[in-house]
Amino acid sequence: MSIRVRLTLWYTALLAFILLTFSLAFYSVLKFSLTSEVDRILQDRARQIAASIQAQNNLADILRTGIIRVPELDVFSSRSIFIQIINTQGEVVHASNNLMGNRLPLDEEIIAAVSQKQTSLKTVQMGMLQMRLFSAPLTFGNDIVAIVQVGNPLNEVQATLRPVSHIHLTL
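Using this note's numbering, read the sequence shown as starting at -19 and increasing by one per residue.
The hints are simulated quantities; they were obtained by calculation from the structure and are not laboratory data.
Worth double-checking, as some hints may not be accurate.
Stated by the list, open to error - Label-pair distances were calculated between CB atoms; the ranges are: (1) I(-2) / D87: 39 to 45 angstroms; (2) I91 / T15: 21 to 27 angstroms; (3) S8 / N135: 17 to 23 angstroms; (4) R20 / R59: 15 to 21 angstroms.
If you're wondering where the values come from, they're calculated on a predicted model, not measured in any experiment.
Here a beta-carbon is modelled for each residue, glycine too, at the ideal position from N, C-alpha and C.
Use the sequences and the hints to build the structure in full.
Quick look at the structure:
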């Protein structure tokens, strides 16, 4: 094999490697960016809900009656944002109308994080729907009185990534 053919093959392989590396990096950065934006929206929405609930309630009433006055959740939700408030007994106290009677997942990992006054952010499967779910404790002072869950399906993220992955596969 002549030197010219070997150099051509070498440079072709190098170019293919560079293109593959670039496309993988682009896909990864795009996926991270889109998911981070969804996470930020969920966290902001949960903070707004918690602030609204804390403004409408006081700890003494909640501890005495066990009832949490919750604002209209559909003000905070949209077609693609699901909201659920769960009391300390694990019962759904309020849910946005777009859940249509369904429940957002509440597993042991979420309960463990919330019981330590930490938040939980994870991707979960809800039926056929892959969803990003943010769960946070609703606290008054040092007492956890409920769990605020805000979820967003990843349909739009996946729809954005799909053409990029198809382009990536053709390379």
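Each hint tested on the structure:
Separation of I(-2) from D87 is about 43 angstroms and conforms to the stated range, judged on CB atoms against 39 to 45 angstroms. Checked against the given bound of 21 to 27 angstroms, the beta carbons of I91 and T15, roughly 24 angstroms apart, stay inside it. Between S8 and N135 the beta carbons are some 20 angstroms apart, a value that agrees with the proposed interval 17 to 23 angstroms. Taking the beta carbon of each, R20 and R59 are about 19 angstroms apart, inside 15 to 21 angstroms as hinted.
Checked against the numbered hints above, the structure breaks none of them.
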